[in-house]
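Student: One line per chain: the protein sequences are A and B, in this order. Just so you know, the first sequence maps onto residues 1 to 430 in the UniProt record's numbering. Just so you know, the second sequence maps onto residues 1 to 430 in the UniProt record's numbering.
Treat the hints as calculated values from the structure; they're not laboratory data. It cannot be assumed that every hint is accurate.
Said to hold, decoys possible - Under 10 Å between C-beta atoms, here's a sample of chain B residues computed to sit facing chain A:
{"no.": "1", "residue": "L50"}
{"no.": "2", "residue": "L60"}
{"no.": "3", "residue": "D62"}
{"no.": "4", "residue": "S72"}
{"no.": "5", "residue": "Q75"}
{"no.": "6", "residue": "T77"}
{"no.": "7", "residue": "L81"}
{"no.": "8", "residue": "V132"}
Note that beta-carbon positions come from the ideal geometry of N, C-alpha and C, so glycine has one too.
Number of protein chains: 2
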Amino acid sequence: MARIVMKFGGTSMAGTERIRRVAGIVRRQQAAGHSVAVVVSAMAGETDRLVNFCREANPLFDPAEYDVVVASGEQVTSGLLALTLQSLGCKARSWLGWQMPISTIEAHAKARVANIDAAELIASMDAGEIAVIPGFQGVSDSGRITTLGRGGSDTSAVAVAAAIGADRCDIYTDVDGVYTTDPRIVAKARKLKAVTYEEMLELASVGAKVLQTRSVGLAMKSGVRVQVLSSFIDDDATPADDLPGTMIVSEAEMEQLLENGEMERQHVTGIAHDKNEAKIILTRVPDKPGAVAHIFEPLAAASINVDMIIQNVGRDKGETDVTFTVPQTDLARAQALLEDQRGTIGFNRIITDSKIAKISVVGVGMKSHAGVASTMFRALADRGINIQAITTSEIKVSVMIDEDETELAVRVLHTAYGLDAPDIVGDEAA
Amino acid sequence: MARIVMKFGGTSMAGTERIRRVAGIVRRQQAAGHSVAVVVSAMAGETDRLVNFCREANPLFDPAEYDVVVASGEQVTSGLLALTLQSLGCKARSWLGWQMPISTIEAHAKARVANIDAAELIASMDAGEIAVIPGFQGVSDSGRITTLGRGGSDTSAVAVAAAIGADRCDIYTDVDGVYTTDPRIVAKARKLKAVTYEEMLELASVGAKVLQTRSVGLAMKSGVRVQVLSSFIDDDATPADDLPGTMIVSEAEMEQLLENGEMERQHVTGIAHDKNEAKIILTRVPDKPGAVAHIFEPLAAASINVDMIIQNVGRDKGETDVTFTVPQTDLARAQALLEDQRGTIGFNRIITDSKIAKISVVGVGMKSHAGVASTMFRALADRGINIQAITTSEIKVSVMIDEDETELAVRVLHTAYGLDAPDIVGDEAA
Chain A
1 MARIVMKFGG TSMAGTERIR RVAGIVRRQQ AAGHSVAVVV SAMAGETDRL VNFCREANPL
61 FDPAEYDVVV ASGEQVTSGL LALTLQSLGC KARSWLGWQM PISTIEAHAK ARVANIDAAE
121 LIASMDAGEI AVIPGFQGVS DSGRITTLGR GGSDTSAVAV AAAIGADRCD IYTDVDGVYT
181 TDPRIVAKAR KLKAVTYEEM LELASVGAKV LQTRSVGLAM KSGVRVQVLS SFIDDDATPA
241 DDLPGTMIVS EAEMEQLLEN GEMERQHVTG IAHDKNEAKI ILTRVPDKPG AVAHIFEPLA
301 AASINVDMII QNVGRDKGET DVTFTVPQTD LARAQALLED QRGTIGFNRI ITDSKIAKIS
361 VVGVGMKSHA GVASTMFRAL ADRGINIQAI TTSEIKVSVM IDEDETELAV RVLHTAYGLD
421 APDIVGDEAA
Chain B
1 MARIVMKFGG TSMAGTERIR RVAGIVRRQQ AAGHSVAVVV SAMAGETDRL VNFCREANPL
61 FDPAEYDVVV ASGEQVTSGL LALTLQSLGC KARSWLGWQM PISTIEAHAK ARVANIDAAE
121 LIASMDAGEI AVIPGFQGVS DSGRITTLGR GGSDTSAVAV AAAIGADRCD IYTDVDGVYT
181 TDPRIVAKAR KLKAVTYEEM LELASVGAKV LQTRSVGLAM KSGVRVQVLS SFIDDDATPA
241 DDLPGTMIVS EAEMEQLLEN GEMERQHVTG IAHDKNEAKI ILTRVPDKPG AVAHIFEPLA
301 AASINVDMII QNVGRDKGET DVTFTVPQTD LARAQALLED QRGTIGFNRI ITDSKIAKIS
361 VVGVGMKSHA GVASTMFRAL ADRGINIQAI TTSEIKVSVM IDEDETELAV RVLHTAYGLD
421 APDIVGDEAA
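Using the sequences provided together with the hints, build the complete structure.
Tutor: Below, the structure written as structure tokens:
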């Protein structure tokens, strides 16, 4: 008997009819002999509705009371799923954050899980009762409701999986797994049977928005095996233990899969793209110690996330151009902050450009294989795509290009790294 | 410094704009130097929405999970009111049922308050923080959410008032107090400055639906002084300590008010009417021991509330007609049950009539004054209103009449007992 955590997002929980479908999927796992805990999000749109109430009540809202209000959405869906499971003949009960309890740090609206006391939960699960747990919520040491920040239900699921020593944490979402790239761009994109935590972190943070990044980090730290799969599969069509999602695993487990021939060894696992960044160029910044700090300190203080940073030595000696990217939604704020600091920084002009994209090739395979970056540059150059900036990490190479060339670049790279699914050459059906 | 509990219903809490109005009323009480706790209902319509979800999820719902779902409505409004009070510069925090805690018996969906541990609450209030408490909810000994049944927020307010030794429990509602009768029927109805608990129980149970009956019983038992007043008063117009509601008090306090001349001594305090009952006549029931038990036992077992009961000796010796009333909503069910028992009871015919009304005159004054009933019969007879049945209690006389004569009867009795407000004979304004 395996212990399994299943997590369902807001789209899957939107209304009693969809909750009934979720209950069917959950029951199937239990019928397969597993001991099951389910973590649920609020109904799609509900958290936004509650957040808006808070904003209307008090634009500078007290995060402790905000948490009281917004945590209610998951409380409702956890009760409703327990009721629906009961109507299907399952034993089930809800466990609110303060009941288990899921203890978090005191940071309201952006808490982190500190500890989960799962003894009672495990006893209940082992007795055949399905545990239904509202995601996103916990309780602070002072006994008040906390929430983990938007998208926090993925993190709740992984934290519960770690606490109960789950064999697997299945994240049901509206895609059916992690692909080599966005299938809307590349028809021949292939679903990956497995990716490593590190790859998933890179893929998630550059645009493959399948899982909350923090949950992947927690899974990596706790060694929780995560599976991403679709909640819109036909719940009677596939056997319970052959769910066709993507497993997110450690490098050691990945190596095992490769050795067993269950995965094909590739240098690059996937191609990600991100159109949500904007480029800022500050021209003729004095090329002296501390100059760059003057640029990035105020942005950091304003919680503006700077991604790529490139420093180009300018034509004139003692001056340099500094290029970097920020989220498009923060561009206006960043520009205003930099203008405020014009005297301190000492730049000449601010040039901004929102029409850029970041394309990344990701893969643990590149750790042991040279030439991945040069393949990228050659493939893009062959199609006349100009690279504006480059950054690299151990398992990723990212380039900044013109936004209009995003899809072309993704397709070119997907082919260049041999990721395309094979053509179907014959029709095997009668 | 007085300790005051204020309770606001769903209409007052329907949306952030109305909650802002409530916050203004609350702040005014605090500004008057009082230590304040506020008990809130869910937004109007929200509890119905949540109950419907539960019904859709599982028609035979588990009341423990039902409580998890429906308690969320008050959780939301308590957080929002705390946020709104903060935006007005007040210190405020929410106290959920499990946080205080408000301990109840284990009976989910119809729990009763067993104990309130208010030590922390009192300390917080005495330190100038407004306590915002979701009504309707508590926590069981096993640590699960319970609810007190529909309308339970009134009871929550009275229970909190008892626990903190409040000087007053103000119930803000959409009427501005308790009247001598329904002002929609009698234009000259007068708002009562005070009524006793016993009178309020009779007035509430016969149609003056201002307060949940259970909350009045609890107030009587705990000696909590309750005031009913409107939440739609202009919150800046009247001084905080001169709120123009109706006080619900003990007989001893009422006697004091009468002796001080703050109230006028009356034999009858108010006239209530109730059109929601239906009459059932069973003809030619055998007039022998146990016959009546055969009628009412199956109705009691089906939780059908029987009100007036009259037994008329029939024309034939050894037989009798039995007349009684049940809620109209239970009429069909009662009829079916009685038909099932026809053999056991041995009646001849069932005659039913939904077009009846119960008119009651209520007043503690009638304890020490004879002739109240005969005044009633005479006044009705003078207008040709036929009385179909009569029941009396220590402080109430009720008659059953034709429903079409309801308004006429109420007006006739209101005048007969001298309850009409005096005519305005001159215009004192310029």
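Student: Now look at each hint and say whether the structure bears it out.
Tutor: Hints versus structure:
1. L50: holds (7 Å)
2. L60: The hint holds - L60/B has a Cβ within 10 Å of chain A, the shortest such distance being about 7 Å.
3. D62: Given a least distance of 6 Å, the restraint on D62/B holds.
4. S72: This hint holds: S72/B lies near chain A, its Cβ roughly 4 Å from the closest one there, short of 10 Å.
5. Q75: holds (5 Å)
6. T77: holds (9 Å)
7. L81: Given a least distance of 8 Å, the restraint on L81/B holds.
8. V132: holds (9 Å)
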